[in-house]
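**Q** Going down the list, the sequences are from chains A and B.
No gaps in the numbering here: position 117 of the first sequence is 117 in this note's numbering, and each next residue is one more.
No gaps in the numbering here: position 35 of the second sequence is 1035 in this note's numbering, and each next residue is one more.
The set of hints was computed from the structure by calculation and includes no laboratory data.
Given the structure is predicted, the values throughout are model-derived calculations rather than measurements.
C-beta atoms are modelled at their ideal positions from N, C-alpha and C, and glycine is treated no differently.
Treat the hints loosely; a few may be bogus.
Incomplete in silico selection of chain B near chain A, CB under 8 Å [to be verified]:
#1 HIS1074
#2 ALA1105
#3 PRO1110
Below are the chains, spelled out letter by letter.
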Amino acid sequence: MRKRNRQADAEEAEIDLTPMLDVVFIMLIFFIVVASFLKEAGIEVNRPDSNQNPPETDATSIVVTITGDDQIWMEDRRIDIRAVRANIARLLASDPNQTFTVTTAPGASAGTLLAVGDAAREAGVSQVNWPAERKQ
Amino acid sequence: MSAGGRVSQNGSSESSIDLTPMLDVVFIMLIFFIVTSSFVKEPGVDITKVAAVTTDPCEQGTIIFAIDAAGKIHYDKKEIPLDRAFRLAEAAKKESPRANFVIQADEEAPTSALSELLSAIKPLMDVPLCASTEEAG
Chain A
1 MRKRNRQADA EEAEIDLTPM LDVVFIMLIF FIVVASFLKE AGIEVNRPDS NQNPPETDAT
61 SIVVTITGDD QIWMEDRRID IRAVRANIAR LLASDPNQTF TVTTAPGASA GTLLAVGDAA
121 REAGVSQVNW PAERKQ
Chain B
1001 MSAGGRVSQN GSSESSIDLT PMLDVVFIML IFFIVTSSFV KEPGVDITKV AAVTTDPCEQ
1061 GTIIFAIDAA GKIHYDKKEI PLDRAFRLAE AAKKESPRAN FVIQADEEAP TSALSELLSA
1121 IKPLMDVPLC ASTEEAG
């Protein structure tokens, strides 16, 4: 009894930091876990400014059109999704600084759009431009 | 005199390790992680992402909208109409100005819904949109 009292007196001078340390460590671990948790990945799609006229008259531009029923048209030909990359790579080979634009019609699916964007990026275009759809 | 005092002090605190420097380090790490962590509001809807070979990490992509197969917009575990998307995006951007936008679009989602949402939040964007995809292969 007396011994315990003396022990309490001796420890009175310094605060016991252990519970605070526990809390701080738990917070630290929480924040470390949360910080590394958010990893969203995807492909960049640029929306050109609508107020400036799209460079449609620009000859050095690759344009891929997706119709409302998910057909992919390029240079007045209907092409398969697997052929998009090769076609874009061929056009890029003649002029590597061409801009790339994909236009869609209402009704097309996002899967086709992103597949075309992916193929274009794989072929080496720097930016995928996707102007707003025209209302029909 | 002072040397003698120090020696006796050392002798008494020998049994317990001085935790102060460690505490300093731990606190600095804690503050660093609190400051750098950005809380993401999950859209809270299951979507089938498109597989893409050129999938890159979205830099600071922490404002996440989702578009499901029916073309409905989801944000923060709620379905929202298009006209609310701008205000929610504005509020989120104000809360964390360095955050960028991510749209998770379902494979089947109509591009018209994606296009309208992108047009709505376009004025707030300072980098191109990150369209969420799945790493292929």
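**Q** Now tell me if each hint is right for this structure.
**A** Tested hints:
1. HIS1074: Violated, because the Cβ-Cβ distance from HIS1074(B) to chain A comes to roughly 14 Å (cut-off 8 Å).
2. ALA1105: 4 Å, holds
3. PRO1110: Holds - the Cβ of PRO1110(B) comes within 8 Å of chain A, reaching about 6 Å at its closest.
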